[in-house]
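J.: Sequence:
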Amino acid sequence: MMDDGEQSIGIGVNATRTPTAATPSSGEGKVVRVGWYEASYNYTDKFGRKTGIAYEYQQKIVTYTGWTYEYVEGTWPELLQMLMNGDIDLLSDVSFTAERAESILYPSLPMGTESYYIYVSPNNTELMSDDVSVFNNKKFAVNQGSIQEEILKDWARTNGITANIVEIIDQSNDESIDLLQTGDVDVFVSLDTYGRREECAPVCKIGSSDYYFAVSAQRPDILTDLDHALKTIQNEDPFYNQRLYQKYIWTFSTGIIFTKEERQWLENNSTIKVGYRDNYEPFCFEDDGYISGALKDFLEYASACVDGTVINYEAVAFGTTEEAIAALDAGEIDAVFPVNMSAYDSEEGDLFVTTPIMSTEIYALVRTGEDKAVFDAEGTRVVLLEGNVNFDNFVKDYFPEWEISWQPTLDKVYAAVENGTADCAMVNGYRINTNDRLRRRHKLSLLDTGEKMEFSFAVRRSDTILFSILDKTVSAIEEPVVDAMLSKYTNTTTKVSFSDYLRDNWAVAFAVTTVLVFLMLFLLLTRLKSDKMAQERQMLITATERDSLTGLYTRNIFFEYSSRMYRENPSNMMDAIVMNIEQFHVVNALYGWNFGDTVLKGLGDEIKKIIGGGAGIACRTTADRFEIYTKHIDDYQGLFDRFQRRLDECTEDVNIFLRMGVMPWHDGLEPVQLFDRARAACNMTRSGRHSRLVVFNEEMRTKEILEQRLLNDLKYAIENKEFLVYFQPKYNVQVDPPVIGSAEALVRWKHHELGMIPPGDFISLFEKSSQIGILDRYVWAETARYIAQWKEKYGKVIPISVNLSRIDIFDPDLEKTIEGIVEETGIGRENLHLEVTESAYTEGEEQILEVIRCFRSKGYHIEMDDFGTGYSSLNMLSRMSIDVLKLDRSFIKDIKGEDDDSKDVQMVELILDIARSLKLVVVAEGVETKEQMEFLKKRGCDLIQGFYFSKPLPADEFEEKAIKD
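All you need for the working numbering is the position in the sequence shown, starting with 1, plus 7.
By construction, these hints were calculated from the structure, which means they are not laboratory data.
It is possible that part of the hints are untrue.
Derived EDC-like pairs: lysine to aspartate or glutamate, alpha-carbon spacing no greater than 20 Å straight-line [as the list claims (entries may be wrong)]:
{"no.": "1", "residue 1": "Lys212", "residue 2": "Glu157"}
{"no.": "2", "residue 1": "Lys212", "residue 2": "Asp674"}
{"no.": "3", "residue 1": "Lys67", "residue 2": "Asp228"}
With beta-carbon atoms standing in for the labels, derived distance ranges [as the list claims (entries may be wrong)]:
{"no.": "4", "residue 1": "Tyr801", "residue 2": "Thr936", "range": "30 to 40 Å"}
{"no.": "5", "residue 1": "Lys937", "residue 2": "Val317", "range": "15 to 25 Å"}
{"no.": "6", "residue 1": "Asp743", "residue 2": "Arg923", "range": "33 to 43 Å"}
{"no.": "7", "residue 1": "Arg649", "residue 2": "Ser771", "range": "41 to 51 Å"}
{"no.": "8", "residue 1": "Arg896", "residue 2": "Asp642", "range": "45 to 55 Å"}
{"no.": "9", "residue 1": "Asn704", "residue 2": "Lys971", "range": "45 to 55 Å"}
{"no.": "10", "residue 1": "Gly55", "residue 2": "Asp655", "range": "48 to 58 Å"}
{"no.": "11", "residue 1": "Lys800", "residue 2": "Ser924", "range": "39 to 49 Å"}
{"no.": "12", "residue 1": "Glu243", "residue 2": "Pro209", "range": "35 to 45 Å"}
{"no.": "13", "residue 1": "Thr471", "residue 2": "Val141", "range": "31 to 41 Å"}
Quantities reported herein were computed from a predicted structural model and do not represent experimental measurements.
We treat Cβ as the ideally placed atom computed from N, Cα and C, and that holds for glycine.
The whole structure should be built from the sequences, with the hints applied where relevant.
T.: Here it is as structure tokens:
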């Protein structure tokens with residue numbers, strides 16, 4: 008994929024001898040010259056050690072080939088040319104093109120794949136069609152020099168389409184998408200991780216690009232060895248590629264973002280009030296007047312877990328969930344937790360319920376000795392605590408035939424069961440120990456209902472935007488994080504222990520133990536009567552080919568047979584299915600290995616029925632994981648439900664759930680590749696019985712891989728000056744004609760592999776990962792260097808503003824860094840303006856104000872960026888040591904002209920009045936029309952920045968336009 012590169016470094020040879028593998032191929036003893044380039048796939052850590060996904064893969068390959076590596080250093084473009092010339096033998100991360108294939112060799116298995124899509128304006132309904140002929144003679148915008156440009160040309164040729172290609176050189180991704188809105192282009196082509204916003208919509212995938220280990224055409228012997236090694240690696244470990252991705256590249260951020268309407272709602276509503284049920288450990292309870300429990304930690308984590316947006320929560324305690332819902336209906340609070348409601352109950356209550364946040368097993372409390380009678384008997388009477396609507400809904404959902412009564416206290420609830428006025432009560436697994444003394448005093452026993460209760464937020468149905476905000480927040484927080492929150496407060500409120508279960512069900516345990524003992528004795532006596540030699544031969548065969556417990560194939564035999572099936576009939580449509588039993592180690596720990604074996608055998612028997620009659624083959628690869636290679640089916644949900652029902656039949660009193668990942672048949676993919684993707688899908692399944700099935704989609708991991716790749720390449724990009732500083736002029740419109748008064752430094756990334764990457768695709772990523780400071784320091788230094796260079800060349804200086812992020816402001820070395828840059832370049836402090844976004848003042852206010860005062864006292868000009876977005880009060884503005892207000896573009900974009908009387912116009916006029924009263928210069932951002940410019944000029948705005956005057960310019964163009972003239 009590395010198709011472009013302009014930097015050059017010295018070429019050197021670094022020979023490394025690698026130990027010979029135990030059973031190498033015929034390549035043993037060969038010396039292989041490997042290209043080494045510092046990038047995301049190969050890099051040297053701070054201890055001088057080589058590492059990276061390609062490097063580790065190469066070390067794995069050598070265990071099967073017996074090669075000895077000699078590393079040849081250079082940039083990737085240099086090394087590619089050396090590979091073509093035969094000066095090196097092997098190079099990683101090479102995209103396939105027909106032109107390259109004429110001079111280098113490719114193995115049969117790639118290292119990975121990325122996909123490319125066509126995007127159009129949502130308003131352009133003409134192009135939202137399955138008929139690709141509608142794209143004939145349309146204008147296609149695509150980044151210059153990128154691999155997708157060639158893919159677009161191939162796609163157009165294949166489909167008989169004339170594509171008028173507009174090469175994008177220096178425009179950001181947002182600016183390119185804006186071309187769709189203005190009609191300057193009809194189509195935008197990019198990676199599937201780009202362009203995800205309201206202004207564009209993906210229409211179709213046009214292709215993908217595999218990347219490989221490439222081999223010199225002069226070394227076909229190396230290709231033979233490499234093919235053997237890659238196939239063997241994936242046969243023996245089908246998930247090797249996936250594990251490397253997880254180790255070096257994958258991140259698990261959700262990628263969830265708030266829409267414009269959601270952000271506006273949060274700006275207009277400073278706090279979300281959450282009502283919660285008090286005294287409900289470990290979920291939520293009041294401690295010294297403040298909320299505590301898992302909900303407290305959840306709200307703190309949720310306050311900034313979605314794209315960096317800060318959300319303020321206020322927790323309000325109520326005696327019961329019913330009281331909290333009443334307060335929600337009255338408008339006193341915005342949401343309620345914990346809530347368990349069916350879709351019908353939520354509709355009847357005029358509520359929306361979010362995706363579940365937490366869940367817990369539910370147990371029945373019965374008089375000791377009555378055991379399971381409550382589940383089977385007609386007219387079972389259950390007594391519940393008044394006001395706890397969650398258990399009301401739980402009983403209605405799972406035991407609708409039961410008769411419900413209520414008592415005002417837990418003591419009276421438990422007493423009703425003991426004295427026979429009720430047959431059972433309910434308790435969740437996390438509160439068993441909390442209520443254990445009460446349970447024992449009333450001589451009650453525990454029975455597992457086999458069901459879970461899930462807890463969610465509830466909001467009013469009229470608050471659709473708030474519902475979306477909370478639901479996205481819940482989805483952004485992974486289950487292990489929530490489990491850790493519950494564990495923190497479980498301490499004395501842990502789930503029911505196995506010893507508790509045995510103590511309360513000793514008769515059942517004794518009976519089961521007795522049966523198992525007699526069964527083991529019977530099996531032992533039967534085995535002793537068998538022929539010893541025949542048994543040993545059968546055991547050898549079984550150990551080699553079959554799993555002794557389930558009768559399914561062992562892993563190695565399974566992949567050998569599946570590969571053979573594919574080779575004999577590659578067009579036969581076969582799906583790959585991977586299943587895991589969730590938390591099976593806990594089941595073994597609680598109920599014993601014999602019980603666990605029963606579960607595994609039952610599931611194995613059901614799999615045999617599915618693949619019977621030659622429909623496919625299956626194996627048990629590990630203790631609780633099964634893999635199936637079967638004829639293509641359409642109803643994956645039905646298949647999942649069938650397997651889950653079999654588990655339910657095996658475990659009537661125990662909750663055991665499956666997770667299933669599916670990779671449907673795909674032309675050209677071998678079984679090992681199908682199962683690699685099915686395993687990835689299985690890993691992506693989330694908890695919750697209705698979300699444990701995932702059908703693999705290649706797009707699932709593309710964004711994570713791309714983002715990690717950009718993070719990995721940050722250091723390389725800085726060192727090789729891939730980041731380009733652009734300058735957007737700010738025009739003084741209070742003189743005629745307007746003249747350039749200053750400018751803002753912006754950044755673009757000319758990636759050595761991906762071409763020009765717009766800032767929207769990496770700025771927020773670096774901010775979230777706390778890496779933005781590295782890039783900021785680079786931009787400051789480059790900007791100061793240009794100012795000094797132009798001053799020396801033309802004797803002229805135009806002040807330029809640079810951005811300070813929140814991370815920069817809290818950097819203890821900030822002042823030293825900026826002062827060092829100014830001193831080194833010899834520019835005046837007044838020529839390097841410092842921009843701080845208004846949102847940066849939301850936390851650590853006093854420290855930020857002190858940093859700003861310090862810089863201003865030294866002679867720096869301070870600009871407040873994005874002013875008016877709702878963070879600062881007028882009182883705080885009066886305390887800020889600033890020189891310039893930058894009016895946020897959101898107020899400008901909808902202004903039509905002098906006759907406009909919208910709220911945006913009123914807001915702009917108000918901000919200009921405030922600035923005049925404080926003697927501040929005002930810069931308006933995002934001005935695109937003459938009407939907007941004249942409107943602002945007439946009302947006293949000092950400086951205009953936007954496309955009306957100029958887009959951001961590369962340094963040489965800005966020099967020509969602003970400095971030289």
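J.: All hints, please: hold or fail.
T.: Going through the hints against the structure:
1. Lys212 <-> Glu157: This hinted pair holds, its Cα atoms lying about 14 Å apart.
2. Lys212 <-> Asp674: This hinted pair holds, its Cα atoms lying about 17 Å apart.
3. Lys67 <-> Asp228: 18 Å, holds
4. Tyr801 <-> Thr936: 30 to 40 Å: 32 Å, holds
5. Lys937 <-> Val317: 15 to 25 Å: 37 Å, violated
6. Asp743 <-> Arg923: 33 to 43 Å: Given a distance of about 21 Å, which is not inside 33 to 43 Å, the answer is violated.
7. Arg649 <-> Ser771: 41 to 51 Å: Given range 41 to 51 Å: holds, Cβ gap about 44 Å.
8. Arg896 <-> Asp642: 45 to 55 Å: Given range 45 to 55 Å: holds, Cβ gap about 50 Å.
9. Asn704 <-> Lys971: 45 to 55 Å: Roughly 52 Å apart at Cβ, these two residues keep to the hinted range, so it holds.
10. Gly55 <-> Asp655: 48 to 58 Å: 56 Å, holds
11. Lys800 <-> Ser924: 39 to 49 Å: 41 Å, holds
12. Glu243 <-> Pro209: 35 to 45 Å: Distance hint for Glu243, Pro209 holds at roughly 38 Å.
13. Thr471 <-> Val141: 31 to 41 Å: 35 Å, holds
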